[in-house]
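Undergrad: As a plain string of letters, each chain reads:
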Amino acid sequence: MRKEALIRWLFLGTAALSIVISALIVLTLARETFTFVTQVDLSSLWSEGWFPRRDLYDIRTLFAGSVLVTLVAMVVAAPLGMGAAVYLAEYARPRVRRALKPILEILAGIPSVVLGFFALTWISPEIVQRMNDEAALFNLMAAGIGVGLLVTPLVASIAEDAMKSVPTALREASYGMGARKVTTAVRVVIPASISGLVAAFILGISRAIGETMVVAIAAGASGGSLFSMNVFERGQTMTAAMASMAGGTDAVKGAGLTFQSLFFVGMMLFLLTLLLNMVAGRFVRRVRQKY
Amino acid sequence: MPPDSKLKAKKGIPTAQRLDISRSPSDVSLTEQEPVPVFEVDDLSVYYGAFRAIRNVGMTVCERQITSFIGPSGCGKTTLLRCFNRMNDLVDIARVEGSILYHGINLYHPEVNAVEVRRRVGMVFQKPNPFPKSIYDNITFGPKIAGLKGDMDEIVERSLRRAALWDEVKDRLKDSAMGLSGGQQQRLCIARALAVNPEVILMDEPCSALDPIATGRIEDLMEEIKSEYTIIIVTHNMQQAARVSDMCAFFTAEVNETSDTRTGILVEFDKTEKMFSNPADERTENYVTGRFG
Chain A
1 MRKEALIRWL FLGTAALSIV ISALIVLTLA RETFTFVTQV DLSSLWSEGW FPRRDLYDIR
61 TLFAGSVLVT LVAMVVAAPL GMGAAVYLAE YARPRVRRAL KPILEILAGI PSVVLGFFAL
121 TWISPEIVQR MNDEAALFNL MAAGIGVGLL VTPLVASIAE DAMKSVPTAL REASYGMGAR
181 KVTTAVRVVI PASISGLVAA FILGISRAIG ETMVVAIAAG ASGGSLFSMN VFERGQTMTA
241 AMASMAGGTD AVKGAGLTFQ SLFFVGMMLF LLTLLLNMVA GRFVRRVRQK Y
Chain B
292 MPPDSKLKAK KGIPTAQRLD ISRSPSDVSL TEQEPVPVFE VDDLSVYYGA FRAIRNVGMT
352 VCERQITSFI GPSGCGKTTL LRCFNRMNDL VDIARVEGSI LYHGINLYHP EVNAVEVRRR
412 VGMVFQKPNP FPKSIYDNIT FGPKIAGLKG DMDEIVERSL RRAALWDEVK DRLKDSAMGL
472 SGGQQQRLCI ARALAVNPEV ILMDEPCSAL DPIATGRIED LMEEIKSEYT IIIVTHNMQQ
532 AARVSDMCAF FTAEVNETSD TRTGILVEFD KTEKMFSNPA DERTENYVTG RFG
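Chains A and B, in that order, are what the protein sequence lines are.
Each residue of the first sequence is one higher than the last, beginning at 1 in my numbering.
Each residue of the second sequence is one higher than the last, beginning at 292 in my numbering.
Source of the hints: derived by calculation from the structure; they are not laboratory data.
Computed from a predicted model, the values in this text were never measured in an experiment.
Beta carbons are placed, not taken as given, at the ideal position from N, Cα and C, and that holds for glycine.
The reader is advised that the hints may include incorrect statements.
Looking from chain A toward chain B, a few residues come up when the C-beta cut is under 7 Å (computed) [unchecked claim]: (1) Ala-92; (2) Ala-173; (3) Met-177; (4) Ala-179; (5) Lys-181; (6) Thr-183.
Cut-off 25 Å, straight-line C-alpha distance, at most; resulting in silico cross-link-like pairs (BS3-like, lysine-lysine) [unchecked claim]: (7) B:Lys-424 with A:Lys-181; (8) B:Lys-517 with B:Lys-565; (9) B:Lys-424 with B:Lys-461; (10) B:Lys-565 with A:Lys-164; (11) A:Lys-101 with A:Lys-3; (12) B:Lys-461 with B:Lys-418; (13) B:Lys-465 with B:Lys-424; (14) A:Lys-164 with B:Lys-440; (15) B:Lys-435 with A:Lys-181; (16) B:Lys-424 with B:Lys-435; (17) B:Lys-440 with B:Lys-465; (18) A:Lys-181 with B:Lys-562; (19) B:Lys-517 with B:Lys-465; (20) B:Lys-517 with A:Lys-181; (21) B:Lys-440 with B:Lys-418; (22) B:Lys-562 with B:Lys-517; (23) A:Lys-181 with A:Lys-101; (24) A:Lys-181 with A:Lys-164.
Using the sequences provided together with the hints, build the complete structure.
TA: Structural data, given as structure tokens:
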């Protein structure tokens, strides 16, 4: 009996530990964010760019960068991911499916630093600069496409799960009415799994916002960036801004609030992804309830 | 113009032949006639991979009759039923040998389009499977994908009336079909099948998930629409077969000696009356009297 209790406490301890760590992370974020917000000159939050070492913390720059990259990423990932999901769930024969699913998972496992260099050395010159010959080598567009490729397997996998969870009986009902495969996919399976598909999309956005390495490498801005809404120019996202500062060896800590600004950006990132994940979770629950 | 003619395959079923089955209720003649064959099954075997599910089935299904398939579980009744609208096509490893003629045309001819077949030969499944859409959208699904223009409101009302569901749902057509009771859902599925104006309706144990009252309603409904449709029903309920069907086929499964599998065979096919009172085969008699199965 004592042994039983001991084991119970052991597992409780491991479970509790992960909660404690999460809480500590949030706490640290919150404390430094508080320091930053109370001490910063509020006008510097709305200036010409993000140059933390010069005490310019224009948050629009980072937002614009993140939004643009995410937008490009989803323009790539949504059709690719959904298309792959429809193919896997509705068209692929079991054997093809068994072969393709692991490949998709391998794609999801490519280290983002590799994709970052791929974005910089191939996507940027071969795709982006051909689209627009005035594009800089480092640009948000290439970063966005790279992030899109990274997010595609995630979107595909969640969307496929959602479509697979639509009962076969519904497909049979549709085929029995003389519907073709496309009709069944578009008019029956997709509407029946729409909440799961929306969830896949939102989680994709959440992942795209959080992606760091691809942007840090391919978008090119190190340290600071001017405000820009042009995807063909270099730019800075929230994540890449944090990485480029934290990665530098020079006095991140010394110069005024530079160090604290990292936590401020981190906090916003955290809240944003938390919100998106919660919304996605609600959609997933809705699709589960239906069947 | 009868809606059927719009369903003609662009390519697919050769048209000029005996396939002009544009029907309307007025075709029904009141005089007793020689029954017209709809399906002629000849030496049909179905395989799933190397496994033979049914073998050497031969039978003729006639127009505006209810034909029932009875027999113990695993004797291939559903497999055979799904041959009539080529639903077995959806199973990759399924393969059909022999032939099923539908008004003289081999359903498994390479030029026959399964989609066109299914618009003429509708299906009602074991478990009610309405789409998670409104009642209205469930009915209009078939006509819309078939490209029927027509007045959808009218199609919805006519189909629901024929399926004896109109009075119960007419005030909530926009509500989700998932909110209906099991029996109502199954009648909705029948109405949905009727909405594309098929000639044949295949029913795969349509009442197995329903209570006796709902079952009685479905049986009444079958009796009612029989004057316009040809119905084939698979059932585990012998009383149901005896009550509703004109013709009855008894299947059984034989155990294969080389492997531990079962292959369904057709034992006897005759008028239901005869099958239940004076069957020719001993196995049929044992089954219908409850001594086996």
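Undergrad: With reference to the structure, classify each hint as holding or not holding.
TA: A quick look at each hint next to the structure:
With a cut of 7 Å, the hint placing Ala-92 (chain A) at the interface with chain B is violated, because the nearest CB-to-CB distance is about 11 Å. About 4 Å separates the beta-carbon of Ala-173 (chain A) from the nearest beta-carbon of chain B, less than 7 Å, and the hint is met. Given hint, Met-177 (chain A) at the interface with chain B, holds; its Cβ is 4 Å from that chain's nearest Cβ, closer than 7 Å. Proximity of Ala-179 (chain A) to chain B holds as hinted, the smallest CB-CB distance being about 5 Å (cut-off 7 Å).
Because the smallest distance between the Cβ of Lys-181 (chain A) and any Cβ of chain B comes to about 9 Å, over 7 Å, the interface hint for this residue is violated. Proximity of Thr-183 (chain A) to chain B holds as hinted, the smallest CB-CB distance being about 5 Å (cut-off 7 Å). A threshold of 25 Å between alpha carbons decides the hint, and for Lys-424 (chain B) with Lys-181 (chain A) the separation of about 19 Å falls inside it, so the pair holds. Simply put, Lys-517 (chain B) and Lys-565 (chain B) have alpha-carbon atoms about 20 Å apart, close enough for the 25 Å limit, and the pair holds.
Between the alpha carbons of Lys-424 (chain B) and Lys-461 (chain B) the distance comes to roughly 16 Å, so the proposed pair stays at or under 25 Å and holds. Taken as a hint, the Lys-565 (chain B) and Lys-164 (chain A) pair is broken in the structure, with Cα atoms around 47 Å apart against an allowance of 25 Å. Only pairs whose Cα atoms come within 25 Å are accepted, and Lys-101 (chain A) paired with Lys-3 (chain A) is rejected, the gap being roughly 43 Å. Annotation: proposed proximity of Lys-461 (chain B) to Lys-418 (chain B) holds, straight-line Cα distance about 23 Å (limit 25 Å).
The straight-line distance between the Cα atoms of Lys-465 (chain B) and Lys-424 (chain B) is roughly 9 Å, inside the 25 Å bound, and the hint therefore holds. Restraint check: the Cα-Cα separation between Lys-164 (chain A) and Lys-440 (chain B) comes to about 32 Å, which exceeds 25 Å; the hinted pair is violated. Note on Lys-435 (chain B) and Lys-181 (chain A): the hinted pairing holds, with a Cα-Cα distance of about 15 Å set against a maximum of 25 Å. A hinted pair counts as satisfied when its Cα atoms are at most 25 Å apart, and Lys-424 (chain B) with Lys-435 (chain B) qualifies at roughly 14 Å.
For the proposed pair Lys-440 (chain B) and Lys-465 (chain B), the alpha carbon gap of about 20 Å is at most 25 Å, so the pair holds. For the proposed pair Lys-181 (chain A) and Lys-562 (chain B), the alpha carbon gap of about 39 Å is over 25 Å, so the pair is violated. As the CA atoms of Lys-517 (chain B) and Lys-465 (chain B) are separated by approximately 29 Å, the hinted pair breaks the 25 Å bound. Simply put, Lys-517 (chain B) and Lys-181 (chain A) have alpha-carbon atoms about 31 Å apart, too far for the 25 Å limit, and the pair is violated.
In summary, the hint linking Lys-440 (chain B) to Lys-418 (chain B) is not supported, as the alpha carbons are separated by about 30 Å, beyond the 25 Å threshold. Between Lys-562 (chain B) and Lys-517 (chain B) the CA atoms are separated by roughly 16 Å; this keeps the pair inside 25 Å, and the hint holds. Straight-line distance between C-alpha atoms of Lys-181 (chain A) and Lys-101 (chain A) comes to about 21 Å, which keeps the hinted pair within the 25 Å bound. For the hint linking Lys-181 (chain A) to Lys-164 (chain A), the alpha-carbon distance of about 15 Å falls within 25 Å, and the restraint holds.
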